[in-house]
Amino acid sequence: MSNAVSALQGATSDGIAKVTEVGLRGMIILRGDLTSAKLKKAAKAATGVAFPDVRECHCDGDKGLAWMSPDELLVMVPYADVVDATARIAKALAADHALAVNVSDARAVFSIEGAGAREVLAKLAPVDLSRKAFTKGMFRRTRLAQAPVAFWARDEDAFDLMCFRSEAKYVFDLLTISAKAGSQVGFL
Amino acid sequence: MLILECPCCGVKAEETELHGGGEAHIKRETVGSDDDAFEQYLFTRANPRGVHLERWRHANGCGKWFHAARDTTTLEVFGTYSAQTYEPPKAIIDAIKAKRPDWSLKDWQGAT
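From first to last, the protein sequence lines are chains A and B.
Mapped onto UniProt numbering, the consecutive letters of the first sequence carry residue numbers 1 to 188.
Mapped onto UniProt numbering, the consecutive letters of the second sequence carry residue numbers 1 to 112.
Be a bit skeptical, because a hint or two may be false.
For lysine to any residue, the following SDA-like pairs were computed, each having C-alpha atoms within a straight-line distance of at most 25 Å [what the hints assert, rightly or not]: (1) B:K64 / A:A181; (2) A:K169 / A:R25; (3) B:K64 / A:E72; (4) A:K38 / A:K123; (5) B:K12 / A:P70; (6) B:K27 / B:E54; (7) B:K64 / B:D36; (8) B:K12 / B:K27; (9) A:K136 / B:T85; (10) A:K123 / B:K12; (11) B:K64 / A:A145; (12) B:K12 / A:P148; (13) A:K136 / A:T176; (14) A:K40 / B:G10.
Simulated from the structure, these hints should not be mistaken for laboratory data.
Extracted from the complex, chain A is given alone in its bound form:
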């Protein structure tokens, strides 16, 4: 078995927020009928978190469920478990019109933490990131400058963000520039 490494191998930068590439994370795209009890059960069994509503993400450490679109769910599990988890979900939904695919190696995941975390993202994405509008547990697919990304609020001032692995360096550089010390806008 080859030794899997993440795109930037844990790169970090510091400024008004701390940007970290969090390393490998197991990610499964699950497409199907999100109202189906069987699908919900399979997703919950894989992660142990509550099933998310529209534009929500429920996380517990490395595990989580995120609402991607009306027929798409993102299932996050520890990287070491992802092959087994994908097989378990696929087996549970074998009789249904559903698809589970392991996309872990196509992604890069970053965490943005600190007092300026909201500003770092707000400078780059067309999203209202005020505390009132974007609350803990919310999930948003959007773009960061020119790259499609998705991010979610793990906590008030802590966000996780995922992008395509091939764009990891671009996204990391963007976040680093946006988080440069002294670059607060002070609007949020």
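Since chain A is already given, all that's left is putting chain B on it; use the hints.
Leaving out everything else, chain B in the frame of chain A:
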């Protein structure tokens, strides 16, 4: 800046998150259609100044297609609605007529 609310995920998305798909409610010609009908279907599009019904895709978002009714000159948006329909729902037509009493779906279809 054009802002449309995606009916699939509820995001009030601004233009840069969206991708325009051109005129809505086009009848697809298929086997058995004559050349004129095919030419219409493939190439002829209405480009009105004023109320227009369009297809949009929430490209940097949930990825779904939807329909939007808007004014191409003022950028006023009358509403967005599901892609799975042949005609705009009554609520959208009412919203357009409230602002543009002279507008009718028949005229718009006739112009296309």
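Evaluation of the provided hints:
1. A C-alpha spacing of about 38 Å is found between B:K64 and A:A181, which places the hinted pair above 25 Å, so the restraint is violated.
2. For the given pair, A:K169 sits about 17 Å from A:R25 by alpha-carbon distance, which is consistent with the 25 Å threshold.
3. Taking the CA atoms of B:K64 and A:E72, the gap is near 11 Å; set against the 25 Å cutoff, the hint holds.
4. This hinted pair does not check out: A:K38 and A:K123 have alpha carbons roughly 40 Å apart, beyond 25 Å.
5. Using a Cα cut-off of 25 Å, the hinted pair B:K12 and A:P70 holds, with the two alpha carbons roughly 16 Å apart.
6. For the hint pairing B:K27 with B:E54, the CA-to-CA distance comes to about 14 Å; that is within 25 Å, so the pair holds.
7. In summary, the hint linking B:K64 to B:D36 is not supported, as the alpha carbons are separated by about 32 Å, beyond the 25 Å threshold.
8. Our distance criterion of 25 Å between C-alpha atoms is broken by B:K12 and B:K27, whose separation comes to about 29 Å.
9. A threshold of 25 Å between alpha carbons decides the hint, and for A:K136 with B:T85 the separation of about 35 Å lies outside it, so the pair is violated.
10. A distance of roughly 18 Å separates the Cα atoms of A:K123 and B:K12; the hinted pair therefore holds under the 25 Å criterion.
11. The hinted pair formed by B:K64 and A:A145 meets the criterion: a straight-line CA distance of about 21 Å does not exceed 25 Å.
12. At most 25 Å may separate the alpha-carbon atoms for a hinted pair to count; B:K12 and A:P148 meet this at roughly 17 Å.
13. Our distance criterion of 25 Å between C-alpha atoms is met by A:K136 and A:T176, whose separation comes to about 23 Å.
14. Simply put, A:K40 and B:G10 have alpha-carbon atoms about 22 Å apart, close enough for the 25 Å limit, and the pair holds.
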